[in-house]
Amino acid sequence: MKRKFLPVLALLILAGCAALPEIPSPGALRANLESPPVPSTLKGTGEFRLRSPDGLGALRFAFLVAAPDRLRVQALSPFGNLAFLLVQNQEKLQIYVPLEHLLLEDEEARSFLNRFLPPEIGTANLIYFLSGRLPDSLWARQLESVSSEGSTLKLRLPGSGGWAEAEYSRRRLQLMGLKVFNREERLSYQVKFKNYRDRAGFLLPARIEFLIPGPEGETSVRMDFLELEVNPELAEDSFRIPARESSTP
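Its first residue numbered 1, the sequence shown is counted upward by one per residue in the numbering used here.
Any given hint could turn out to be false.
Claimed, not checked - Straight line, CA to CA, 25 Å or less: simulated SDA-like cross-link-like pairs of lysine to any residue:
| hint | residue 1 | residue 2 |
| --- | --- | --- |
| 1 | LYS194 | LEU56 |
| 2 | LYS179 | GLN142 |
| 3 | LYS154 | LEU104 |
| 4 | LYS43 | LEU104 |
Claimed, not checked - Here are the in silico distance ranges between beta carbons for each label pair:
| hint | residue 1 | residue 2 | range |
| --- | --- | --- | --- |
| 5 | ARG60 | SER220 | 16 to 22 Å |
| 6 | GLU91 | PRO242 | 26 to 32 Å |
| 7 | PRO158 | PRO78 | 25 to 31 Å |
| 8 | ASN114 | GLY80 | 23 to 29 Å |
It should be emphasised that the hints constitute simulated quantities derived from the structure, not laboratory data.
All C-beta atoms, glycine included, are put in the ideal place defined by N, C-alpha and C.
Produce the entire structure from the sequences given, and follow the hints as far as they go.
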């Protein structure tokens with residue numbers, strides 16, 4: 001029995017040690033990664049967990065995405081009450097906070113959002129992250145170099161305000177991580193993409209984690225996607241704050 005098992009074991013070991021794909025040139029890699037097939041629309045639910053120097057927080061949320069610039073997030077408290085409603089429609093950003101009877105727009109809305117995410121991310125980048133894609137704002141930078149560490153490709157993207165390092169798996173070219181540094185070479189924020197799953201032919205992350213350093217300590221944000229529907233039909237008015245909610249006293 002042992003002799004029959006040994007050849008099978010050897011084949012399994014060799015399969016696990018199969019040669020990784022060659023490292024592509026920066027030009028070839030950029031062409032491959034800049035325009036991967038991505039969903040036009042997304043619809044899903046998830047859980048949001050925050051750990052910051054000020055304490056802990058948890059929310060459930062439902063979201064809609066219509067690429068490239070429309071997003072709706074309905075956040076619920078642990079008791080099922082509406083915590084806030086966020087709508088991004090092209091350049092216009094609105095957040096309705098029912099507990100405070102507030103409708104925040106543009107800069108005020110971005111300040112509210114920065115309680116959870118660093119200013120550099122914003123909703124435009126978040127739309128790309130949900131699809132496991134590097135935002136166009138980072139691809140606008142020159143791809144300076146590509147290096148390899150085992151099964152991981154590391155891409156260095158310099159820019160006038162700092163630089164970024166993106167990590168991709170060599171086998172499937174999935175975005176695994178992103179680090180963004182400022183001019184002083186300090187980490188601005190870090191993003192990790194985990195648990196990729198096949199969703200109607202698209203490989204999308206089921207978990208996204210943010211790590212944001214700060215003067216008073218580190219803030220971490222984790223988003224787990226419980227349900228995800230790819231390319232559903234979405235009504236145009238989904239990306240508007242309802243009139244009854246937008247009227248503030």
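Hint-by-hint comparison with the structure:
1. A threshold of 25 Å between alpha carbons decides the hint, and for LYS194 with LEU56 the separation of about 22 Å falls inside it, so the pair holds.
2. Under the criterion of a C-alpha separation no larger than 25 Å, the hint pairing LYS179 with GLN142 is consistent with the structure, at around 16 Å.
3. The suggested pairing of LYS154 with LEU104 is violated, with an alpha-carbon distance near 39 Å, which exceeds 25 Å.
4. Taken as a hint, the LYS43 and LEU104 pair is honoured in the structure, with Cα atoms around 24 Å apart against an allowance of 25 Å.
5. Look at ARG60 against SER220: about 18 Å separates their beta carbons, and that is inside 16 to 22 Å.
6. Restraint check, GLU91 to PRO242: a C-beta distance of roughly 20 Å breaks the suggested window 26 to 32 Å.
7. Taking the beta carbon of each, PRO158 and PRO78 are about 43 Å apart, not inside 25 to 31 Å as hinted.
8. Roughly 26 Å separates the CB atoms of ASN114 and GLY80, a value that falls within the hinted 23 to 29 Å.
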